[in-house]
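Chain residues, written in single-letter form:
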Amino acid sequence: MNAFRRMLRSDSLGLALVVLLGGAALSIARPEFLTAYNIDVILVGFCLTVIYALGQGVIIAIGHMNLALGATGCLVAVSFGGAMQVWGLPVWAAVIFGLLIGMFCGFVNGWLTHKSGLTSFIITLATMSIFKGISLGITEAQPFYGVAESVKAFGSDRWGPLPETLLVALPIVIGLAVFLGRMIPGRQMLAFGGNPSAAELSGISRARMVILAHTLSGLLAAIAGMMSVARLQLASPAIGDEWLIASFAAPVIGGAVLSGGHLSVLGTCLGVLIVSLINQALVMLAVDPFYVQVLLGALILGAVGLNRLRESRMGNAPVLRLS
Amino acid sequence: MSRQVKSGLQVEVRGVSKAFVGVQALDNVNLTVGAGQIHALLGENGAGKSTLIKILTGVHQPDSGKVLLDGREMAFRTPREAIAAGIGVVHQERNLITRFSVAENITLEDPPTRFGLFDEAAAVAATRKWLDLLHLDTDPRTPVSRLSVAQVQLVEIAKALSLESRFLLLDEPTSSLTPHETGTLFAVLRRLAADGVTIVFVSHKLEEVFELCTHVTVLRDGRNACDSRPLAGMTRADVVRLMIGRDERAFAAPAIGTRSGPPALELRGVATGLGHKDITLQAHAGEILGLYGLVGAGRSELARAIIGAVPITAGEVRIDGKPERIRDVADAVRRLGIGYVSEDRKGDGLILAHDVAANIAATVWHRLGKFLGFVSDRMQNTTAAPFLTSLDIRTPSLAQRVGNLSGGNQQKVSVAKWLAAGSKVLIVDEPTVGIDIRSKAYLHDLILKLARDGAAVIVISSDMPELVMLADRIAVMKGFRLVDTFDNAREYTAASQRIMQAIHG
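Protein chains in written order, with my numbering: chain A, 1 to 323; chain B, 1 to 505.
Certain hints may be false.
What the hints assert, rightly or not - Per the computed footprint, the stretches of chain A lying under chain B, defined by three or more beta-carbons under 8 Å from a beta-carbon of chain B, are: (1) 185-193; (2) 203-211; (3) 256-270.
As the list claims (entries may be wrong) - Looking from chain A toward chain B, a few residues come up when the C-beta cut is under 10 Å (computed): (4) Gly181; (5) Arg182; (6) Ser197.
Claimed, not checked - Only pairs whose alpha carbons sit at most 25 Å apart, straight line, appear in this in silico SDA-like list of lysine to any residue: (7) B:Lys478 with B:Arg146; (8) B:Lys346 with A:Leu162; (9) A:Lys152 with A:Leu162; (10) B:Lys346 with A:Ser150; (11) B:Lys346 with A:Thr119; (12) A:Lys115 with B:Gly273; (13) A:Lys115 with B:Arg327.
Bear in mind the hints are in silico, worked out from the structure with no lab data behind them. Predicted model, so just to flag it, every value in this text is computed and none were measured. Glycine residues also receive a C-beta, built at the ideal position from the N, C-alpha and C atoms.
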């Protein structure tokens, strides 16, 4: 019983099995799955997706949501491109500029959510529209092509079999795992997500937690946005448009509780892998790509249901109240 | 929908048992209530009353035993089925939609319609009949949010009756009523009983039980201490003995505080953003200050102001004689050493999904972190571990989720986190609500020990015997003001009279 519980509790073991079995099944059904090219596609996608998935994950961890994640990434991407093409900033300055914009967007989300007392859903719904509108306005809906060669190289170069973008993704994954698991602000964020009023009465500041999580989310969206520029070799105002579903799917598949208080970084990584595995499988099995979205939606529902079941098994789901 | 109260149900509970993870909440419990009877269901917190109520109302299903209505065996799977069988329940916590009108609330389950649309006129007419029956002179169009607590209580009863309830379960209906309102409610209940409605009345106030009820069932530790006995011929002492299994203990713990030197916490003419006015009180190190008041008197709100969660707008706060400004919770907790064990353990006190160690260490993370704010499980465990033994917290390990512990152990965890923080002023809000008797006695001893060890302890409680037993001094609150403060000689009759005098006088 105990072993069973622990297995249920560890988010990652079952997921790792799913990834392995799924990968194995796919490579048996379609031997071309295991080609270097394919693995490369999955890895490159992973490096990007994991960053914005974690950007959503830190918000889910405090029980909020960030609908403006993709729009933030987009605003950062076009600002990054514009800074290089129009202002002629050196790459390092453009990167810092992009990071600052992302953090500022996140800060605005957090600050407005905290000050207004509205849900982050409404706030980020509004800022999504604002950020996206600004991005389309400054680009006139056209991409910036003047991306520095070093940026393009970063997006396309390989380091042996591994994409260079892994050099960014990996430290972020490890850093965030340490932050949430071992560092005080990270622990406080999870405590706040688990029970905001209890955390507040323990001396953990609500304002600080909300703003911290949203700023962190903006920072991660910024990194993902600039990484998209490197990968696409241009700063398109369409960047971020497709992030929303995967950004929720990966953390939730990885065991994150939407009401807050729990986020598994490793689980999120596996969630990203599962999402990309499914994408690949459907491509290889020649399924209409539009149906991929159907499957992802179903996957989110399934994962949320599973998490809930797991919570209630452990006696933590909200108890039925007398009506 | 019939507009008449139907004749009452005869309710029988036979040998019902119910266990939750690790806890036998009910063990072979019996209850027999004749039609039209007003029957008291008594027991201390954790004795199993609420579990029994939940079984009668279909929220929980018994592991064994039967529930019979008019001799027919019932097996409710949902609250809906219980309602359909004629069981109405009025809960302690309000279950009305406050933005809706009285009529909308009362007809919520079965709204009258015309051409498929909500028919307000019909709803108002239907509602008025029920309100008339209860002599409640309120316009059915009034939003519930504008009613007084007593009116809300009566609306809940009207709603239960409108669902054709022939059996009314009232869970502490008077806990927030004035004596006058209580009188009105009792008159209504007597009339309903005379009309044949069967009533089970749950209350902590024994005076009311003797005034209203004819029969009594007492639960203790999940068993029958007595089963459906007539109250006639029983005394208050008899009932108390049945409830706690021994005579009421006059706790003769001597006043411990010396009261030399400045008080650990002093409020002078404090007002808050929530409406407190002119609060002046002192809590000395080594002393227990009891804070009594009815629900809504502003006690927990005052605690929140002291802990910095609510701004203090006027007056002066002194800690150890020094004027201080409480900036926010972190300031109160870390700099001033104030701790608050919340009344609402699950809502405000603990993070149920997190483990014991993290819950205890949450108040001291800022102190634990050494290098770059890193904190390891080991650091947390070293902080938390001593409290498992010193507070006798029963948990398989520090990694156990707090949500899996019993109520008593959860309460100990929420005390432990403030001990870990080294609080010098500790506010304990309703420390023993909803926990079993043994943990209760333990928590009482713990509170005494905390004071003896030099903390200034403020105990907020609605449990008068508990307060009279624990407190060195008692302060009484009413309407967000302090109405009386006196030294407590731990003499129940005298103290309770003085408290009631302060509240109702």
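The hints, checked one at a time:
With a cut-off of 8 Å between beta carbons, the region 185-193 of chain A has 5 residues touching chain B; three or more are needed, and the interface restraint holds. Check on the region 203-211 of chain A: 3 of its residues sit with their Cβ under 8 Å from a Cβ of chain B, so the three-residue criterion for coverage holds. Look at the region 256-270 of chain A against chain B: 3 of its residues bring a Cβ nearer than 8 Å to a Cβ of that chain, three or more, so the hint holds. At about 9 Å, the closest approach between the beta carbon of glycine 181 of chain A and any beta carbon in chain B falls short of 10 Å, and the interface hint on this residue holds.
Because the smallest distance between the Cβ of arginine 182 of chain A and any Cβ of chain B comes to about 5 Å, under 10 Å, the interface hint for this residue holds. Taken as an interface hint, serine 197 of chain A checks out: its beta carbon lies about 4 Å from the nearest beta carbon of chain B, inside 10 Å. Annotation: proposed proximity of lysine 478 of chain B to arginine 146 of chain B holds, straight-line Cα distance about 20 Å (limit 25 Å). A distance of roughly 48 Å separates the Cα atoms of lysine 346 of chain B and leucine 162 of chain A; the hinted pair therefore is violated under the 25 Å criterion.
For the given pair, lysine 152 of chain A sits about 16 Å from leucine 162 of chain A by alpha-carbon distance, which is consistent with the 25 Å threshold. Straight-line distance between C-alpha atoms of lysine 346 of chain B and serine 150 of chain A comes to about 54 Å, which puts the hinted pair past the 25 Å bound. Between lysine 346 of chain B and threonine 119 of chain A the CA atoms are separated by roughly 22 Å; this keeps the pair inside 25 Å, and the hint holds. Restraint check for lysine 115 of chain A and glycine 273 of chain B: the C-alpha separation of about 18 Å stays at or below 25 Å, so the hint holds.
Distance restraint check for lysine 115 of chain A and arginine 327 of chain B: the Cα-Cα separation of roughly 18 Å lies within the 25 Å cut-off, and the hinted pair is therefore satisfied.
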